[in-house]
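Q: Below, each chain spelled out in residue letters.
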Amino acid sequence: MMMRWPGWHQRLRKRLAPYLDGELRPDERRRVEAHLAACRACQEELAELRAVTQALRSVPWEEVPRSFALTPGMVAQARADRPSALGRLEAASRLAAAGLAVALAVVLLLDVRGGHEATTQPAAAPPAAEMQALGAPELTPVEGGDERGGSAPEEGVAAPPAATPPPSQGLYQAAPAGNSAQPKVDVTLKKASGEAESREGNLAPVEIGLAAALALAVAVSVAIAIARRRGWPGL
Amino acid sequence: MGLRMKHNEEAGLVQRARGGDLDAFNALVERHQRGLYNLCLRMLGSAAAAEDATQDAFIAAFRRLESFRGGSFRSWLYRIAANLCYDELRRRKARPTVSLDATAEERGVVELPGSGPSPSGRLERSEMVAALQRALDGLPPDQRLAVVLCDVQGMDYAGAAAVMGVALGTVKSRIARARGRLRKLLRADPAVAEELFAGGIRPEGRT
Numbered sequence: 001m002m003m004r005w006p007g008w009h010q011r012l013r014k015r016l017a018p019y020l021d022g023e024l025r026p027d028e029r030r031r032v033e034a035h036l037a038a039c040r041a042c043q044e045e046l047a048e049l050r051a052v053t054q055a056l057r058s059v060p061w062e063e064v065p066r067s068f069a070l071t072p073g074m075v076a077q078a079r080a081d082r083p084s085a086l087g088r089l090e091a092a093s094r095l096a097a098a099g100l101a102v103a104l105a106v107v108l109l110l111d112v113r114g115g116h117e118a119t120t121q122p123a124a125a126p127p128a129a130e131m132q133a134l135g136a137p138e139l140t141p142v143e144g145g146d147e148r149g150g151s152a153p154e155e156g157v158a159a160p161p162a163a164t165p166p167p168s169q170g171l172y173q174a175a176p177a178g179n180s181a182q183p184k185v186d187v188t189l190k191k192a193s194g195e196a197e198s199r200e201g202n203l204a205p206v207e208i209g210l211a212a213a214l215a216l217a218v219a220v221s222v223a224i225a226i227a228r229r230r231g232w233p234g235l
Numbered sequence: 001m002g003l004r005m006k007h008n009e010e011a012g013l014v015q016r017a018r019g020g021d022l023d024a025f026n027a028l029v030e031r032h033q034r035g036l037y038n039l040c041l042r043m044l045g046s047a048a049a050a051e052d053a054t055q056d057a058f059i060a061a062f063r064r065l066e067s068f069r070g071g072s073f074r075s076w077l078y079r080i081a082a083n084l085c086y087d088e089l090r091r092r093k094a095r096p097t098v099s100l101d102a103t104a105e106e107r108g109v110v111e112l113p114g115s116g117p118s119p120s121g122r123l124e125r126s127e128m129v130a131a132l133q134r135a136l137d138g139l140p141p142d143q144r145l146a147v148v149l150c151d152v153q154g155m156d157y158a159g160a161a162a163v164m165g166v167a168l169g170t171v172k173s174r175i176a177r178a179r180g181r182l183r184k185l186l187r188a189d190p191a192v193a194e195e196l197f198a199g200g201i202r203p204e205g206r207t
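Keeping their order, the protein sequence lines are chains Z and L.
Under the numbering used here, the first sequence is numbered contiguously, ending at residue 235.
Under the numbering used here, the second sequence is numbered contiguously, ending at residue 207.
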């Protein structure tokens with residue numbers, strides 16, 4: 001036996017198929033032939049592999065069942081094809097999702113930092129308002145909760161000296177009334193609340209919009225991916 | 001008359017087809033449809049599925065002609081078809097029931113005229129083809145593609161590597177594994193084992 005080390009036989013066995021196909025380098029070929037001369041198991045395996053290969057090579061080519069020539073109709077159909085349109089939509093929605101995620105992250109980051117700078121001085125109220133403004137749209141979007149959430153704490157600080165209106169009605173109107181009745185209201189507080197209002201008035205909708213668009217983009221691409229995996233026709 | 005001239009002629013057809021000349025493209029279809037159909041047939045094991053895949057491959061090729069960067073048009077075309085076959089096999093794996101009830105005709109087994117039971121007891125060719133197809137169906141798609149390209153299509157390893165987009169060594173190992181597996185599958189198939197390995201076959205234990 002010409003087995004040089006354990007596994008030599010296994011190694012050469014794997015070369016039998018390329019050997020049959022004449023796809024071995026000359027040195028590899030000589031090694032296989034030397035091993036074959038001494039190894040009965042490999043001789044038998046080679047004979048069987050040769051039989052398998054010859055059988056496969058003798059499989060006749062079937063005639064085509066019809067012509068596959070393209071008709072102008074097929075070409076037009078292919079051009080206006082939904083699959084490619086859907087494919088483009090999927091690619092676009094993925095790209096949009098990625099961009100929106102980045103944009104949202106940037107806006108949130110700016111907002112959090114800006115919020116800190118603006119609210120370190122006055123009181124703890126504006127940050128709370130901001131938190132509420134951020135949280136509100138998801139909890140109670142129907143009631144326009146972000147406006148209420150923002151103005152309620154401010155009013156709670158500024159209004160008490162005034163007529164203390166019932167809390168459930170006209171919170172928003174109550175604030176200006178309180179201000180006009182008491183011109184001496186703390187200026188910094190007023191400024192802070194005004195800032196909180198404007199910030200929440202500008203940025204929060206931006207964030208909501210971005211989040212909604214992001215959710216939409218993700219939903220579209222996921223839906224298309226699922227449809228494709230299930231093998232819907234034309235995808 | 002040589003290969004080179006054929007290649008140049010093909011390059012000319014591709015050029016014209018790129019400009020939107022459907023007749024030129026259909027001349028290419030005419031040249032390659034039989035090979036492409038048989039590639040799909042052996043990959044998918046079903047005449048109906050092969051017909052769909054072949055047509056889809058030509059449509060996709062026409063649409064993507066811009067992305068053909070020269071070289072062998074056949075390799076490029078076969079690659080498109082191979083990818084469509086992979087997609088189809090993946091879909092089937094997700095819904096395994098579909099492929100199980102393909103009829104003999106759908107599986108690409110065609111009765112040859114005058115191929116009744118032969119007096120010598122030798123197997124009919126169609127039976128052998130059916131057994132080989134069953135064995136091919138038992139291979140993972142990568143290995144199946146490798147043997148179909150090399151053995152059924154008669155490509156060399158370099159040609160197969162070009163179609164599959166892998167290194168030569170990868171083709172080599174896929175072919176080796178595929179043949180080894182086919183040998184096992186066919187040995188276990190009572191319909192053909194004796195015919196294929198006549199004389200050479202021994203009970204597993206005695207080797």
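Source of the hints: derived by calculation from the structure; they are not laboratory data.
What you are looking at is a predicted structure, and each value in this text was computed from that prediction instead of being measured.
Where hints are given, some of them may not hold.
Said to hold, decoys possible - One side only, chain Z facing chain L, incomplete, derived with CB under 8 Å: (1) Lys-14; (2) Arg-57; (3) Val-112; (4) Ala-212.
Beta carbons: idealized from backbone N, C-alpha and C, even for Gly.
Q: Decide, hint by hint, whether the structure agrees.
A: Each hint tested on the structure:
Evaluation of the Z:Lys-14 hint against chain L yields a held restraint, the C-beta minimum of about 5 Å falling below 8 Å. Among the interface hints, the one on Z:Arg-57 holds; its C-beta lies about 5 Å from the nearest C-beta in chain L, closer than the 8 Å criterion. Hint on Z:Val-112 is violated. Least Cβ distance to chain L is approximately 44 Å, over the 8 Å limit. Here the hint on Z:Ala-212 is broken, as its CB sits about 32 Å from the closest CB of chain L, past 8 Å.
Consistency note: the structure conflicts with the earlier hints numbered 3, 4.
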